[in-house]
Amino acid sequence: MTHARKTIRDAAVTTLTGLTTTGARVHNTRIFPLSESGLPCLAIYTGDEIVERASMGDLLERQVELMVHCYARAASGVEDVLDLISEEVETALTSLTGAKDIVLSRSAPEYSDEGDMPIATRSLTFDVTYYTAIGAPGTAL
Amino acid sequence: MTVAGNVVQGLLDNDYAPVQFGDQVIESNIPILVVRTADVSGVAHGAAVVVGAQSFTVREIRNDGEGMTELVMSEA
Chain A
21 MTHARKTIRD AAVTTLTGLT TTGARVHNTR IFPLSESGLP CLAIYTGDEI VERASMGDLL
81 ERQVELMVHC YARAASGVED VLDLISEEVE TALTSLTGAK DIVLSRSAPE YSDEGDMPIA
141 TRSLTFDVTY YTAIGAPGTA L
Chain B
927 MTVAGNVVQG LLDNDYAPVQ FGDQVIESNI PILVVRTADV SGVAHGAAVV VGAQSFTVRE
987 IRNDGEGMTE LVMSEA
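Going down the list, the sequences are from chains A and B.
Numbering-wise, my numbering comes out as the position in the first sequence, counting from 1, plus 20.
Numbering-wise, my numbering comes out as the position in the second sequence, counting from 1, plus 926.
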């Protein structure tokens, strides 16, 4: 059995695979460089997690950051492409298997002119709340 | 090759130029055309460059002050 956090991350990958703009170009915890020809794409990670004892029972309330990095490359209008991708991602990520709640908490852009075309990213951070029993992190309750 | 519609002689470099976003790298290249400054003295940002079948747009002009200029380009 693995951690419930992986279940949530995998569910996000499944949910976000097949969107109109990014299609199957969805990466789960991409560490290696991305290919320019593979854009536009999404890269999904889980980040910091806040864990507190729930008020009732032997439960842990967990809030993990689910980060969806959107990448696009275009001769012009690269920000428009990212806005389109953002709309598709935010629309799709309204619920996730294993999560009690998911809400967008941050959206941050970054731009680069270092390549042969403008390349940009928008990083969407979702706060995902889920519960596990103490000592049993593999099952989201 | 042409720069802003004028035929010029030059050297096209297209070196590897990784694009970095935080910890993530995107593989890319940066096309730079090296030409004589006298051949491109009137060229401005946004000028069209055609090299063979490839089309570019000038985004940066690096005049070395010694007779040569690098035109940093984006793919059009």
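Hint data in this document are derived by calculation from the structure and do not stem from the laboratory.
Glycine is no exception: its CB is placed at the ideal position from the N, C-alpha and C atoms.
Keep in mind that a hint or two might mislead.
[Unchecked claim] Have a look at the derived ranges for each label pair, beta carbon to beta carbon:
id, chain 1, residue 1, chain 2, residue 2, range
1, A, Ser75, B, Gly948, 34 to 40 Å
2, B, Asn955, A, Ser96, 37 to 43 Å
3, B, Ile987, A, Glu72, 55 to 61 Å
4, A, Ser125, B, Thr963, 47 to 53 Å
5, A, Val123, B, Arg988, 19 to 25 Å
6, B, Val951, A, Val71, 39 to 45 Å
[Said to hold, decoys possible] Rough simulated footprint, nothing fancy, chain B against chain A, three-plus residues with beta-carbon under 8 Å:
id, region
7, 53-59
8, 134-142
[Claimed, not checked] Beyond 12 Å from chain A on every Cβ pair, some chain B residues (computed):
id, residue
9, Val933
10, Val934
11, Ala943
12, Val945
13, Gly948
14, Val951
15, Ile956
16, Arg962
17, Asp965
18, Gly968
19, Ser981
20, Ala1002
Status of each hint after checking the structure:
1. A/Ser75 with B/Gly948: 34 to 40 Å: Since A/Ser75 and B/Gly948 have Cβ atoms about 36 Å apart, the given range 34 to 40 Å holds.
2. B/Asn955 with A/Ser96: 37 to 43 Å: Given a distance of about 19 Å, which is not inside 37 to 43 Å, the answer is violated.
3. B/Ile987 with A/Glu72: 55 to 61 Å: 57 Å, holds
4. A/Ser125 with B/Thr963: 47 to 53 Å: 51 Å, holds
5. A/Val123 with B/Arg988: 19 to 25 Å: 47 Å, violated
6. B/Val951 with A/Val71: 39 to 45 Å: 32 Å, violated
7. 53-59: Coverage by chain B holds for the region 53-59 of chain A (5 residues, Cβ < 8 Å).
8. 134-142: holds (count 7)
9. Val933: B/Val933 clear of chain A: closest Cβ-Cβ about 23 Å, beyond 12 Å.
10. Val934: 20 Å, holds
11. Ala943: 5 Å, violated
12. Val945: Given a closest Cβ separation of 5 Å, the condition is violated.
13. Gly948: 8 Å, violated
14. Val951: 4 Å, violated
15. Ile956: Violated, since 6 Å does not exceed 12 Å.
16. Arg962: 23 Å, holds
17. Asp965: 23 Å, holds
18. Gly968: 23 Å, holds
19. Ser981: Per Cβ check, B/Ser981 is inside 12 Å of chain A; nearest 10 Å; violated.
20. Ala1002: The assertion about B/Ala1002 is violated, with a minimum of 6 Å to chain A.
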